[in-house]
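Trainee: Chains as they are written, first to last, in the numbering used here: chain A, 1 to 370; chain B, 1 to 370.
If you're looking for bench data, these hints aren't it; they were derived computationally from the structure.
Here a beta-carbon is modelled for each residue, glycine too, at the ideal position from N, C-alpha and C.
One should not assume that every hint holds.
Computed cross-link-like contacts, DSS-like style, restricted to lysine-lysine with a CA-CA straight-line distance of at most 27 angstroms [unchecked claim]: (1) A:K141 with B:K288; (2) A:K43 with B:K236; (3) B:K236 with A:K88; (4) A:K95 with B:K136; (5) B:K92 with A:K141; (6) B:K326 with A:K288; (7) B:K43 with A:K236; (8) A:K43 with B:K43; (9) B:K141 with A:K92; (10) B:K43 with A:K190; (11) B:K250 with A:K127; (12) B:K288 with A:K136; (13) A:K92 with B:K136; (14) B:K88 with A:K288; (15) A:K92 with B:K288; (16) A:K88 with B:K141; (17) B:K88 with A:K274; (18) B:K274 with A:K88; (19) B:K288 with B:K17; (20) B:K43 with A:K136; (21) B:K297 with A:K95; (22) A:K96 with B:K297; (23) B:K19 with B:K88; (24) A:K19 with A:K141; (25) B:K297 with A:K92; (26) B:K297 with A:K136.
Rough simulated footprint, nothing fancy, chain A against chain B, three-plus residues with beta-carbon under 8 angstroms [said to hold, decoys possible]: (27) 40-49; (28) 69-76; (29) 188-201; (30) 205-213; (31) 253-265.
There are 2 protein chains.
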Amino acid sequence: MGAKSLPSTRIARLQAKLKRKKFDAVLISQPDNRRYLSGYTAKDHGIQEPAGFLLIPANGKPYLLTDSRFTLQAEQETSGFEIAIYTKGLIKLLKKLLPQIGVQRLAFESHYTLHSTHSNMLNMGRKISLELVPTKDMLEKMRLIKTEEELALIRESTRINEQVFQSVYLSIEPGMTEQEVALAIDLTMKEMGAEGPSFETIVAFGPNAAKPHAVPGDTILQSGDIVLIDMGLIYKGYCSDMTRTFVAGKPDNQYLERHRLVRKAQLAGIAALKPGVTGQEVDQAARKIFDDAGYGKAFQHSLGHGVGVAVHEEPRLSPLSQRTLKPGMVVTIEPGMYIPEWGGIRLENIAIVTPDGCEVINKDTTCLDL
Amino acid sequence: MGAKSLPSTRIARLQAKLKRKKFDAVLISQPDNRRYLSGYTAKDHGIQEPAGFLLIPANGKPYLLTDSRFTLQAEQETSGFEIAIYTKGLIKLLKKLLPQIGVQRLAFESHYTLHSTHSNMLNMGRKISLELVPTKDMLEKMRLIKTEEELALIRESTRINEQVFQSVYLSIEPGMTEQEVALAIDLTMKEMGAEGPSFETIVAFGPNAAKPHAVPGDTILQSGDIVLIDMGLIYKGYCSDMTRTFVAGKPDNQYLERHRLVRKAQLAGIAALKPGVTGQEVDQAARKIFDDAGYGKAFQHSLGHGVGVAVHEEPRLSPLSQRTLKPGMVVTIEPGMYIPEWGGIRLENIAIVTPDGCEVINKDTTCLDL
Chain A
1 MGAKSLPSTR
11 IARLQAKLKR
21 KKFDAVLISQ
31 PDNRRYLSGY
41 TAKDHGIQEP
51 AGFLLIPANG
61 KPYLLTDSRF
71 TLQAEQETSG
81 FEIAIYTKGL
91 IKLLKKLLPQ
101 IGVQRLAFES
111 HYTLHSTHSN
121 MLNMGRKISL
131 ELVPTKDMLE
141 KMRLIKTEEE
151 LALIRESTRI
161 NEQVFQSVYL
171 SIEPGMTEQE
181 VALAIDLTMK
191 EMGAEGPSFE
201 TIVAFGPNAA
211 KPHAVPGDTI
221 LQSGDIVLID
231 MGLIYKGYCS
241 DMTRTFVAGK
251 PDNQYLERHR
261 LVRKAQLAGI
271 AALKPGVTGQ
281 EVDQAARKIF
291 DDAGYGKAFQ
301 HSLGHGVGVA
311 VHEEPRLSPL
321 SQRTLKPGMV
331 VTIEPGMYIP
341 EWGGIRLENI
351 AIVTPDGCEV
361 INKDTTCLDL
Chain B
1 MGAKSLPSTR
11 IARLQAKLKR
21 KKFDAVLISQ
31 PDNRRYLSGY
41 TAKDHGIQEP
51 AGFLLIPANG
61 KPYLLTDSRF
71 TLQAEQETSG
81 FEIAIYTKGL
91 IKLLKKLLPQ
101 IGVQRLAFES
111 HYTLHSTHSN
121 MLNMGRKISL
131 ELVPTKDMLE
141 KMRLIKTEEE
151 LALIRESTRI
161 NEQVFQSVYL
171 SIEPGMTEQE
181 VALAIDLTMK
191 EMGAEGPSFE
201 TIVAFGPNAA
211 KPHAVPGDTI
221 LQSGDIVLID
231 MGLIYKGYCS
241 DMTRTFVAGK
251 PDNQYLERHR
261 LVRKAQLAGI
271 AALKPGVTGQ
281 EVDQAARKIF
291 DDAGYGKAFQ
301 HSLGHGVGVA
311 VHEEPRLSPL
321 SQRTLKPGMV
331 VTIEPGMYIP
341 EWGGIRLENI
351 AIVTPDGCEV
361 INKDTTCLDL
């Protein structure tokens with residue numbers, strides 16, 4: 001987490017919200033929300049092996065609930081939290097703790113609570129007269145608009161990410177495998193001060209670039225191949241995300257034409273991004289470029305997504321997104337074209353929505369305009 | 001996945017089970033189960049961004065449900081599956097597909113279905129007269145006993161993991177950081193043919209080893225420091241997991257005494273591991289060694305866990321585990337001692353439960369018996 005000051009301000013904002021909604025407390029299970037509110041960085045091993053939960057009462061001290069493996073880390077990374085250890089699982093601890101601190105109406109995160117956990121909580125709740133209320137995106141809404149402090153961290157995360165890209169870009173040559181390039185990226189990220197990648201680094205050569213979520217394999221780079229690199233890192237808890245596509249050697253005319261179309265779609269998305277429009281409208285502005293050129297079916301995913309403590313968060317720039325964009329939101333703009341057997345091209349930058357439009361925070365221009 | 005033959009046998013076994021339980025189909029959302037049944041290796045970006053689902057009817061062809069980003073990969077990696085693409089989410093696709101294939105009673109994985117997804121499925125289900133039945137561990141039970149083919153893959157995964165450890169072990173010297181050692185391990189894993197680590201590699205120096213789940217940082221190795229390395233890799237879909245602890249340079253008497261106690265606890269666990277006993281009993285056999293020596297509180301976690309397509313699976317060797325062990329189960333035996341400010345020692349091997357007892361599959365003996 002950037003500064004120790006961030007979490008305590010956030011807890012205060014959340015507690016005000018809990019009072020308005022007449023919740024006695026909220027149980028936080030979503031790991032990005034957990035870190036956002038506490039600064040605690042321990043990672044889950046999937047939702048089935050969580051590294052902890054937060055119990056935030058509307059009044060009084062917040063709790064971090066975890067097991068004994070994480071006691072030290074929890075104490076070191078948080079301030080102002082009561083650390084409570086469960087030895088026989090979360091439910092038994094809640095059964096004891098909730099009546100102690102007078103919680104009768106408990107909100108929980110419906111979108112990050114397992115059906116089985118909820119069933120167990122219902123059973124436990126009957127014994128202590130607990131009312132359980134699902135919430136959908138209380139924290140995600142708080143995270144939508146970034147503060148200046150958060151924007152500075154996203155900018156810095158992006159700056160380092162570009163440095164890593166540029167450093168590895170210079171070393172790429174025919175004969176290397178996708179895995180080698182991906183490893184060089186991950187290695188350089190840590191050397192340059194990142195916590196690690198914000199998602200599994202994508203490096204795809206030639207026809208492999210036709211898979212939007214390609215996993216780096218042992219394909220060897222040949223001169224003339226397409227190279228698609230999608231990478232991001234975490235810096236003080238904040239993510240970056242950038243994609244560049246180019247050709248090893250000299251691109252042919254077909255590549256150039258398609259690349260320019262993707263870039264044109266990206267610029268159309270950027271031009272459409274401003275306060276007051278919906279995610280759908282921005283997506284549509286870029287999608288139209290593909291449709292008009294007869295490439296509509298080759299653009300298979302959404303135009304972009306929010307970036308912050310999570311690499312994929314709200315707001316979405318998708319054909320279904322009705323959310324209205326506001327200043328301080330941060331999104332990727334990443335049109336892509338995927339043609340089986342030929343390959344793919346994706347170009348991705350990050351933009352901050354400003355009062356007048358948006359600001360692209362990327363400085364890297366490697367192979368953007370060909 | 002090891003061999004193309006594995007998934008089809010598994011589907012047949014599952015379909016027989018569905019018929020016995022009178023389910024028309026089961027929806028598989030847990031990613032390890034998904035890969036186990038289909039061979040499809042795409043990874044979720046957390047439970048909130050799944051790479052797909054399986055819909056296995058009691059009769060007829062199984063379905064893989066995913067979005068268009070994964071179409072190619074799904075086609076390449078599976079055989080005998082119908083690939084169905086959702087463009088407006090899983091629920092809308094199910095609403096169309098379930099009546100088409102005559103599913104009225106659908107099982108779902110309670111332990112890997114979000115409360116919010118279940119709510120949406122209930123709403124959808126009302127419109128098509130669908131009965132939803134939670135299941136707890138149908139697939140996890142199938143995965144408990146490994147076939148000879150699976151055991152061979154776990155042995156090979158372990159063999160490579162030990163090779164990686166031994167190679168990196170020789171290069172460790174004062175002046176290196178935890179991160180450098182961890183990176184060398186991850187890099188060597190890929191060089192030696194692994195898909196990647198089976199969990200985030202743990203390298204902890206000195207007092208950092210007091211955290212069972214330490215994250216490698218920029219701590220520099222000093223002569224005389226404890227070095228704890230916990231590492232595992234994935235080979236053809238099967239996991240390994242091993243921990244070694246040693247001292248950089250000459251261990252002092254206190255270290256030697258504590259290390260020998262941990263090893264004694266490990267051997268006690270191995271001696272207790274046989275068909276017919278519960279996970280709890282094996283855990284207790286090792287825990288008693290610590291208790292008797294006055295170190296009971298320093299052993300803060302369970303003795304071990306199952307290993308297979310997931311690095312942490314059933315059966316657990318924990319103080320709470322009532323499950324009876326049977327031949328063909330595979331577990332780690334990993335007692336640990338954690339002393340804040342001093343450090344920690346954990347020793348971990350993998351054992352297969354055999355008809356007579358167990359077989360430790362590790363060959364590596366580096367710094368086990370000091």
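Trainee: Take the hints in turn and mark each one as holding or not.
Mentor: Hints and how they fare:
no., hint, in the structure
1, A:K141 with B:K288, "50 angstroms, violated"
2, A:K43 with B:K236, "25 angstroms, holds"
3, B:K236 with A:K88, "35 angstroms, violated"
4, A:K95 with B:K136, "23 angstroms, holds"
5, B:K92 with A:K141, "25 angstroms, holds"
6, B:K326 with A:K288, "60 angstroms, violated"
7, B:K43 with A:K236, "25 angstroms, holds"
8, A:K43 with B:K43, "17 angstroms, holds"
9, B:K141 with A:K92, "25 angstroms, holds"
10, B:K43 with A:K190, "23 angstroms, holds"
11, B:K250 with A:K127, "56 angstroms, violated"
12, B:K288 with A:K136, "46 angstroms, violated"
13, A:K92 with B:K136, "20 angstroms, holds"
14, B:K88 with A:K288, "19 angstroms, holds"
15, A:K92 with B:K288, "25 angstroms, holds"
16, A:K88 with B:K141, "23 angstroms, holds"
17, B:K88 with A:K274, "26 angstroms, holds"
18, B:K274 with A:K88, "26 angstroms, holds"
19, B:K288 with B:K17, "40 angstroms, violated"
20, B:K43 with A:K136, "24 angstroms, holds"
21, B:K297 with A:K95, "24 angstroms, holds"
22, A:K96 with B:K297, "23 angstroms, holds"
23, B:K19 with B:K88, "31 angstroms, violated"
24, A:K19 with A:K141, "17 angstroms, holds"
25, B:K297 with A:K92, "21 angstroms, holds"
26, B:K297 with A:K136, "40 angstroms, violated"
27, 40-49, "holds (count 8)"
28, 69-76, "holds (count 4)"
29, 188-201, "holds (count 3)"
30, 205-213, "holds (count 4)"
31, 253-265, "violated (count 0)"
Checked against the numbered hints above, the structure breaks hints 1, 3, 6, 11, 12, 19, 23, 26 and 31 and satisfies the rest.
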